Amino acid sequence: MNDYLIQCRGVRKSYGRKPALTGVDLEVGPGRIVGLLGPNGSGKTTLIKLLCGLLRPTAGTLAVDGERIGPATKAVVSYLPDRMYFADWMRAVDLFQLFRDFYADFSYEKAIAMCRSLGVEPKDRLKTMSKGTKEKVQLVLVMARSAKLYLLDEPIAGVDPAARDFILRTILTNYDGEGTVLLSTHLISDVEKVLDEVIFLKEGRIMLHETVDAIREQEGRSVDALFREVFQAGPVFGMEGGMS
Amino acid sequence: MEWKLDDDRPIWLQLSQQLARRIVTGTYPPGSRLPSVRELAAEAGVNPNTMQRALSHLEQEGLARADRTAGRLVTQDTAALEAVRLREAEAVIQRYLEAMSALGYSREQAAGLLKEGTS
Amino acid sequence: MLLKLLKYDFRAMWKSFSLIWGAAMALSLVHGVVYSLRPMPFYSSGVTVMSIVSTVLSITLTAMFVIVLVFIIRRFEKGLLGDEGYLMHTLPVRPWQLVLSKLICALAVIIISVAVSFLVLILMIPVDWYEILYLPYLWDFLRWTLSHPDLLAYLAELCLVVLSCLVLGISILYLSMAIGHLFHRRRTLMGVAAFIGLYILINIYSTWVADIAIFRMESHAGLLASAAVVLLPAAVCLAAVCWILEHRLDLE
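Protein chains in written order, with the numbering used here: chain B, -12 to 231; chain G, 502 to 620; chain P, -15 to 236.
FYI, nobody ran anything at the bench for these hints, they're computed from the structure. Fair warning: there could be bad hints in the mix.
Okay, the calculated bits of chain P under chain B, using three or more residues with CB under 8 Å as the criterion [as the list claims (entries may be wrong)]:
| hint | region |
| --- | --- |
| 1 | -12 to 1 |
| 2 | 63 to 74 |
| 3 | 224 to 235 |
Computed from a predicted model, the values in this text were never measured in an experiment. Quick reminder that beta carbons are idealized off the backbone N, C-alpha and C, glycines included.
All chains, please: the whole structure from these sequences, using the hints.
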């Protein structure tokens, strides 16, 4: 039953009239690092939010580790959102305690150790921390768990290349080998070498789901090069068929 | 030694070749223990599964073998090491000849110049 | 899990209110001390200080209840429908646990604030406890109360009715915010509109209930029934809130 860690069948999601996902079928096995690639607005964040239970699908079913999305799956999913979710009054250690309370797979000691290696003082108030430091704390929260599924929404967007390298290394060295990492990004060249598989998402649909090695073997070029071709903006020749 | 990865070939293959190079050049001496998959993957900044595949390929080539207690050991089979060294040497020669041919030298002239240069 | 959520909510409450509760008590103590010094020679200056202190005190108490209201709204709106929702809704808990935790915390804030206000009033005027404890009336009153356990039951039931009304008020606030959340734009405006709508609905409901049933406040059954009548729409509101959080959550 649980050969696949992620299973999506005919998943659709619309916000009001606006469709975000238009029929996603997806299966991802355990122990993989998977890149969810696509331009902005292609539905990457929506898919991740559906998997971590922040959204409900309009149609279709999703399962993580064979279970429908709910408290049981939330207990095994470690989610890095694309924004800060901290309450001002907390310190990093308060958050660590909160995570230790709620997630059985969270290691407080590991979190403290990660802070030390990242140069973050865990007893500082979050309010006084810089944006970059807060992002590090959030990464620590996510990676100090040994979850079955890590959902990382744009973990390397908006940081400089050195920090990017650092984040990828943190993910590589801290993720539990049994877990699967699904990370969304539009900066492919930076993540390509850490990925097992890639999923190309375009206009709410999966265009391609393939291993990186297979793409390089078959296409004789990098995933980045293939991505650029697939998502090349076509030239616009006026409006055919009336209103836009 | 740095890990260099180019864009057009599978990553595991490139990793495997660079590991083989490290073995024949003595970075990992015969009979020594290779770093673990996770260590190597972290060092190269690549996916552990990819590094795993590269190491499996090394085993297939007879350059390393899995050991129950010590992880992965570099082979002590000198014949296998020699074969890889020879293969690497052939690749270097091939590159040399290609470069010389681009400069307008024949194989014989290239070989002659090489001899003069080394004597 | 609910207990863990409560721990987190109560810590947030303590961070926000420890200062204001402490300040109110400290001010009332100052007031009490100044008051007790009144017959002293520096009578006039004492009065000035006292009037300043009592003004500050009344402002503090008013501010406290405004902050209580703001706190209740913000903890729900920011905590469950704002950025902090990314954390709360990915915890392995059910939405009803999240809502219940916020509700219990809101009730606690109100109750503690009311208690602090009473304490402030007591502290404001220095009381000779020795004298009070030896008043004959007090002991007579206590004896009388104990011989009429009914009275205590009435008191408890009255508290229950008041508590139910608080729950209903908070539930309406929560549901208004949740309804506002259903819209993509102008969520605050829609929330306010929803609040007005719900307020009217509840008024219609209460006049209707008052028409068909005669509740006699003098009887136990009457008090319990009125608590139930108040709790029923509150439960409906809370169920609707949970449904919205479960099925229509849309954190931007």
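Here is what the structure says about each hint:
Under the rule that three or more residues need a Cβ within less than 8 Å of chain B, the assignment of the region -12 to 1 of chain P holds, with 7 such residues. Beta-carbon proximity to chain B at under 8 Å applies to 8 residues in the region 63 to 74 of chain P; the threshold of 3 is reached and the given coverage holds. For the region 224 to 235 of chain P, the stated coverage by chain B holds: 6 residues have a C-beta nearer than 8 Å to a C-beta of that chain, and at least 3 were required.
In summary, this structure violates none of the numbered hints.
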